[in-house]
Amino acid sequence: MDRFLRNNNMVKAAALLIALLLWFVVRLGSNEPVQRVSNEVVSETVSNVAIIPVYDNVQYAVMSIEPKEATVDMTWKESAFRRSSFSNLQVEADLTNLTEGEHDVVLQVVGISNNIITTIKPYKVKVRIEKIQHKQVPVEITTTGSPSEGYKAAQPVIRPNRVSISVPQSMVDQVNSAQAQVSIDGAKETIIKQVKLTVYDWNGRPMEGQVTPQVVDVEIPITSPFKQMPIQVKLIGEPAEGYSVASLSQEPETVTVYAAQDILNKMDLYGGLELDLSGFKETRKLDLVVPLIPGVASVEPTAIKATVEIVPSEQKLLEQVPVTLTGQSNDYIYNLAAENISINMNLIGAPTVLNNVRIQDVQATVDLSNLGPGVHDLPVIANLPLFVKNQNSDVTVRVEIVTAANSGSVVKSPSPEKTPAKLPVSSTPSAGPETSNNPTSTPTPTPADTPVIVPSASTAPGVKDEDEPA
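Under this note's numbering, the sequence shown has 76 at position 76, and the numbering climbs by one with no breaks.
Hint data in this document are derived by calculation from the structure and do not stem from the laboratory. Ideal Cβ placement from N, Cα and C applies to all residues, glycine included. Don't take every hint at face value.
As the list claims (entries may be wrong) - Keeping only pairs whose Cα atoms sit at most 20 angstroms apart, straight-line, the calculated SDA-like set for lysine to any residue is:
#: 1; residue 1: Lys234; residue 2: Thr256
#: 2; residue 1: Lys152; residue 2: Val109
#: 3; residue 1: Lys234; residue 2: Pro294
#: 4; residue 1: Lys227; residue 2: Thr324
Stated by the list, open to error - FRET-style restraints, in silico, Cβ to Cβ:
#: 5; residue 1: Arg358; residue 2: Thr307; range: 48 to 58 angstroms
#: 6; residue 1: Asp361; residue 2: Leu292; range: 13 to 23 angstroms
#: 7; residue 1: Ser113; residue 2: Leu16; range: 33 to 43 angstroms
#: 8; residue 1: Val375; residue 2: Glu241; range: 29 to 39 angstroms
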């Protein structure tokens with residue numbers, strides 16, 4: 001042992017070991033905090049704290065609360081509370097057990113530690129409460145802007161179109177409507193959206209109120225200008241030999257055409273449909289697609305149903321149909337041979353159609369337009385009722401045109417437009433029977449009496465000849 005103590009190195013090593021042991025002892029013991037007890041009183045004041053009413057907002061409304069703000073003085077012992085923040089501090093007025101009327105309500109502080117002593121200034125407020133009333137009002141949608149050029153906005157469709165407004169009893173008579181605005185600026189198609197409603201009074205000013213539901217669905221149709229008009233079906237081709245058209249019907253008879261207004265203004269009927277009768281021997285029912293003609297955006301409906309009645313043909317003789325001159329000039333005199341003043345027509349068609357044809361229903365005309373002096377052999381043009389044809393188609397009449405004796409004066413020749421040629425009374429044959437009583441009789445007219453027949457431009461309901469103006 002003595003030798004150990006005499007060895008300096010051993011003593012130093014032992015001293016170092018003891019020092020390390022002491023360091024560990026001190027280090028381990030330092031985890032215990034050193035607490036300092038203080039009885040110091042701390043105070044703080046928070047000003048302009050909003051007073052929050054606590055109440056049943058379904059049944060009641062707070063009309064007024066005076067004052068609206070309060071000041072809170074707080075004290076606490078530093079040993080009992082370590083201040084961090086008063087962000088949750090609130091001043092409340094509890095109205096849950098109160099009904100309508102005016103009340104003095106004591107305030108209370110919430111949102112802070114129970115170890116804090118508070119003083120509220122003022123400690124109570126005056127509150128006026130009213131009962132909530134409900135009123136059903138219409139929903140009004142106001143559009144702003146204008147749709148794209150040539151388009152129109154229809155009336156908005158609103159679902160639901162009435163809502164419930166909840167307001168204090170004293171304000172219920174002021175409520176007029178619930179409104180919202182929707183922009184249609186530049187629109188080319190139907191607008192569908194949801195909008196939030198605002199309550200408006202009778203003076204058109206917004207006002208406070210609870211809307212139920214607060215959001216409604218709105219649909220605003222945006223369409224191009226439209227016009228309803230009859231639809232024209234053009235018949236092309238001919239039924240089989242020995243058959244004729246008795247009638248043509250269609251469903252519907254009108255369509256709705258959407259187009260620019262200037263185009264609609266020029267349209268009285270809608271054409272473009274064709275029905276080919278080639279080879280028909282019996283009644284047919286067909287679906288016809290309505291085509292879009294240039295300038296038209298759309299047509300409704302897009303198809304129609306057509307029924308064409310086909311029956312065996314019969315014949316009917318019309319005698320002494322007057323020949324009418326058209327296209328005369330006051331500079332000439334027109335002479336029509338006596339034998340050409342009238343012609344006979346052998347008509348072919350359905351029995352029900354022929355039975356209704358009279359002389360006044362047909363016209364035999366000769367066009368003198370742009371003809372000068374001389375003798376002219378001119379074709380007779382027959383204008384016939386719909387679905388009626390003439391068996392003969394090559395008749396001509398001879399017309400002599402001479403210059404008036406005094407070309408500087410107006411010569412009274414036959415009436416200008418569609419007037420039968422006037423000849424000396426002595427050369428006018430006596431009138432014959434208007435029609436033949438036998439619809440199936442087959443006349444054998446002389447070649448001079450054989451007329452040229454051109455299909456008529458007359459129109460039956462729902463059908464129009466292609467040559468008529470659209």
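Against the structure, the hints:
1. Lys234 x Thr256: Holds: lysine 234 and threonine 256 sit about 19 angstroms apart, inside 20 angstroms.
2. Lys152 x Val109: Answer violated: lysine 152 to valine 109 is near 61 angstroms, above 20 angstroms.
3. Lys234 x Pro294: Status holds; Cα separation ~18 angstroms.
4. Lys227 x Thr324: Cα-Cα ~39 angstroms, so violated.
5. Arg358 x Thr307: 48 to 58 angstroms: Given a distance of about 27 angstroms, which is not inside 48 to 58 angstroms, the answer is violated.
6. Asp361 x Leu292: 13 to 23 angstroms: For leucine 292 against aspartate 361, whose Cβ atoms are near 36 angstroms apart, the range 13 to 23 angstroms is violated.
7. Ser113 x Leu16: 33 to 43 angstroms: The hint (33 to 43 angstroms, Cβ to Cβ) is violated, given that serine 113 and leucine 16 are roughly 53 angstroms apart.
8. Val375 x Glu241: 29 to 39 angstroms: Roughly 38 angstroms apart at Cβ, these two residues keep to the hinted range, so it holds.
Taken one by one, the earlier hints fail for this structure at numbers 2, 4, 5, 6, 7, listed in ascending order.
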